[in-house]
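There are 2 protein chains.
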Amino acid sequence: MDDILIKDALIVTCDGSHSIIENGVMAVSQGKITALEQTGTSAAENLSAKKIVSANGNILMPGLINMHCHAADSLFRGLVENLPLEEWLGRVWIAEKAILTPETTYLGSILGLAENLLSGSTTVMDMFWYPDQTVKAAKDLGMRISTGGIFFDLPGIGGRSHKDFIFEANNFYQKHSSDDSVIPAVLPHGSYTVSPQNLSEAKSIADRHGMLFCTHAAETQAEQNDIKARYDNSVIRHLDKHKLLGETSVLAHCVHLDEKEISLLAQSKTNIVLNPMSNLKLGSGIAPVKAMHRAEINLTIGTDGAISGNDLDMWLAMRLTCGLAKGVNMEADALTAEQVLHMATINGAKALGKSNTLGSLEIGKNADFILVDINNSHSIPLFDPITHLVFGAGRSDVTDVFVSGKHVVKNKKISGLDIEKIHEEVRQLAPSIKASLE
Amino acid sequence: MDDILIKDALIVTCDGSHSIIENGVMAVSQGKITALEQTGTSAAENLSAKKIVSANGNILMPGLINMHCHAADSLFRGLVENLPLEEWLGRVWIAEKAILTPETTYLGSILGLAENLLSGSTTVMDMFWYPDQTVKAAKDLGMRISTGGIFFDLPGIGGRSHKDFIFEANNFYQKHSSDDSVIPAVLPHGSYTVSPQNLSEAKSIADRHGMLFCTHAAETQAEQNDIKARYDNSVIRHLDKHKLLGETSVLAHCVHLDEKEISLLAQSKTNIVLNPMSNLKLGSGIAPVKAMHRAEINLTIGTDGAISGNDLDMWLAMRLTCGLAKGVNMEADALTAEQVLHMATINGAKALGKSNTLGSLEIGKNADFILVDINNSHSIPLFDPITHLVFGAGRSDVTDVFVSGKHVVKNKKISGLDIEKIHEEVRQLAPSIKASLE
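From first to last, the protein sequence lines are chains A and B. Following numbering that gives the first Met the number 0, the numbering of the first sequence begins with 0 at its first residue and continues without gaps. Following numbering that gives the first Met the number 0, the numbering of the second sequence begins with 0 at its first residue and continues without gaps.
Incorrect hints may appear among the rest.
Restricting the straight-line Cα-Cα distance to at most 27 Å, the calculated cross-link-like pairs of lysine-lysine (DSS-like) are [to be verified]:
{"hint": "1", "chain 1": "A", "residue 1": "K409", "chain 2": "B", "residue 2": "K289"}
{"hint": "2", "chain 1": "B", "residue 1": "K412", "chain 2": "A", "residue 2": "K412"}
{"hint": "3", "chain 1": "B", "residue 1": "K289", "chain 2": "A", "residue 2": "K411"}
{"hint": "4", "chain 1": "A", "residue 1": "K289", "chain 2": "B", "residue 2": "K289"}
{"hint": "5", "chain 1": "B", "residue 1": "K96", "chain 2": "B", "residue 2": "K162"}
{"hint": "6", "chain 1": "A", "residue 1": "K412", "chain 2": "B", "residue 2": "K411"}
Because the hints were derived from the structure by calculation, they are not lab data.
Required output: the full structure, derived from the provided sequences and hints.
Here it is as C-alpha cells:
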C-alpha cells in the first residue's frame, strides 16, 4: 500500500472540536492517517510520499457512515409506490421472494453499494437476506460493511427455518470476524416480525461474540398499535422488557416515541439511526430528533433501502435531518449543521463500536476519506464548510473516495469494476422484477 | 435557428394526461416543438433536421420552472445561519446594503441563474433590487426570466423612495414587455414591509399593464402576529381586503394558513409558490400542501434564495414537497409524484399566464426542455420515470438544457459563458461580503 499525501485541501476533520484546517495537508501510511496539518508549517514541508494527490482546494473529510441500508433492494427501486409501510412491505416481499437468489442479491448489493460509495459513504450497515453476498459486493468495491445474519419469523426468502437463521448468524461471525473491513452484527427484522424469544436468541448470539444487535423499531404508528395489541406494550418498552436495548444495540427509525421511551433509549445508551427520506415517503412520520438530541442519545443517519427512498443519498439524509428538526419545531437553531455532520460520521463510528478507528480524520485512524468539489455554481461563495456540507453539497460533488488509503473512487469512477456491466445486468433483470408483481 | 431532432428519448411530456413516450423523437423548428412521437411510426421516420441530438435513452422533459428565487442573494450563501426569518432578514439586509450595486447584483444574478440553468430550470421568477441586472444576467445565459420592480417601505438598497419604486416598476414594463424571454411582474416585498396603500399602488401598476403581482405571504407565525397587531387581520385576509388576490397574483410561501384563508386563495384562483427547503431551514414551518392541493389551488414550486436554502435545487424542492405532504400527514398517498412534477412545470407556466407556450412538451409550445441522465447507479432500474424524476433524480443528472431550441447547456457546461471567471469574481468579493457583518 503506497504512502499518500493529500495536499491543498480544506480539511473538515469531524473531530470532537469540529476542527477545520484551511490549506491543509494529510499524510497516510499503511492505510492510517499519520499527519494532518496546515501547509507551510515546518512539519508539513518535510512530509513526503510516493503518491501525491492535490485536492485543488476542495474539501477533504471523513467518509460518510450510512447506518441503515438494504443495498440489494435497489433492484426494486420505484417498483411499489404510494403505499404505507405495511401494505408496501407486503408487495415488496412478494417481489423479493420471486427474484432473490444469492446471485441476484450480489447484483443488487453491488448496485446499491456502488451508489453508496460513489456518493461518499465508505461504511454501510446493511440488513438483507444473504449477508455473505453483501460482504462479497462490499469487498469487490473496497468499502467497509457492517452486516450479518437476519431473523424473520414469517416465511422469508429461501425457505429458511429459525434454526437456519441461528446457524447463519453464528456462521457469519466465524467467517468474517477476522476481516478488518467487516463489522459483524446480528440483525433481526423487527419486533412485529420476530417473536420476543427469537429476538432474545438473536441478542444472545450477538452478545456471545461481541457483535452489534440491530433491528427496525417504532417506524410507524401501525407498528406501535400491533405491538400494543400483541404484547400490551409500546415497541421500545417491549424491547426494554426483553433486555434488547443497550450500547451495542442499533435501532433503525424510532419515529413514534413518547417521552418515557426517549428516556429509556437515552439511559440504556441505545444507538438510533434516523432515516428521514424513507419515513417521509412511506408516510411513516417524522422522528422527534430534537428531543432525542437533547436527551443525548447517540443519533446516526441512514438512507434505508432505495425501494423506499428511492435512492441512497446520505447528503439528502443529512439535509433532511437538520432541516426537519428546524422546520417541525419552528426553531432555526433546533439542530446545527455541525451536529448533523457528526451524526453522519463520528456518531456512526461510535454506534459501530469503532470510534477509535473510523468517523473522523485524526492521526492513527483509518484513512477512510473523501474529496468534495467546491468549485461549482452551487458551492460559491463558501463561508462555512460545515454548513455547506449539510445544506449545499450533494452526492455529485464527491469526486474521490479512499478506504484504508485505497483510492476506490477516482474522479467519480469506481476503480477496478465495470459498473456499466452491472447496470446492464440489472436492466436485463428488470422485466422479471416488474413481472413479479403482475 | 437550426431545426433540431432529439432522438432515442424517454419523453416525459408533463401534458394534461401525464403522457410518456418511450423510445421517442421530438422535432423542433424555429424554437417551437413541431413533432413528438414514438420512433418507428411512419411520421417519425420522415422527420429530418440539420441538427440531430441523441438522448441515448435518457429522459427528455420540459425545463423546470422555479417560481420563487432571489438569484443574486447567492452572493450571501451560508453567511447567516441558525436564525429565524425575522432576525435573519435583519442580518441579510445589512450585508445586502453594504455589498449590492448594479454590478454586484449582475454578478450574483449570473451565479444564481447559472445554478438554476445547470440544474434544469429554464424559467425563473426572481425578486431582487436591480431587476434590470437580473434580466441582463438571464439573457446572457439564454434563459427565461419573470421579474420586475420591487416595493419596500423600509430604507432599502440604493436609497430609493416610493416614487422611485413606482417609476422603476412602470419603466421595467416599458423596457422589457416586448421581449419574449421576459415575463414582467411587479413584486412588492410583503405585507409586513409594504403598507396597504403601497401594495395597492403596486397592484394597480401590475393591472394597468397586465403584469403579475407577486409577494411574500404568510411565511412565518411571527409575520401573522405582526399583521394581526398592525391591521387586526391575518395575512391572507389582509391581502383579500385590499383586493390583492386573484389569478394574476403569485404568493410565495403560504406556510401559515387557516381553512378560511385556504378557501379565499382557492376562490380567488391565487397562485401559490411552495418553498419547502427555505421554510424548513429558517424554522418557518411546513406549508399545508395537502389541504391546498385538495382545494384545487394552483400550486407551484420555488427554491427561494440560496441565502436561505442554501442552494437553488428544484429537484430537492420537488422531493421535499412530495415527501413532506406524505410524511406530515402520515399518508403515503397524500400527494403523488405526478402531481408534484406538474407543480414544477405546467403549474408554474399557468401561474405565469404562459400555459399556452411553456411548462409541457406539446406541439406548438416553446422548445424549453432538458435531458436527464438515467444511466447511473441511482437511476437503475427505472420502472416509472415520473417517480424517478421526483424521488431519485437530482441536479447533477441534468446534462443538456435547451431554451427556445437553443442549446444553452451542453454536457453540463453553459454555452458561451466563462463560468470559472464568474466564480473567481465571486471569490474575490467574498472577503468584503464576510466583512460586511463583522
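So, going through the hints one by one against the coordinates:
Straight-line distance between C-alpha atoms of K409(A) and K289(B) comes to about 44 Å, which puts the hinted pair past the 27 Å bound. Straight-line distance between C-alpha atoms of K412(B) and K412(A) comes to about 20 Å, which keeps the hinted pair within the 27 Å bound. Restraint check for K289(B) and K411(A): the C-alpha separation of about 39 Å exceeds 27 Å, so the hint is violated. Taking the CA atoms of K289(A) and K289(B), the gap is near 25 Å; set against the 27 Å cutoff, the hint holds.
Note on K96(B) and K162(B): the hinted pairing holds, with a Cα-Cα distance of about 20 Å set against a maximum of 27 Å. This hinted pair checks out: K412(A) and K411(B) have alpha carbons roughly 17 Å apart, not beyond 27 Å.
Hints 1 and 3 from the list above are not met by this structure, while the remaining hints are.
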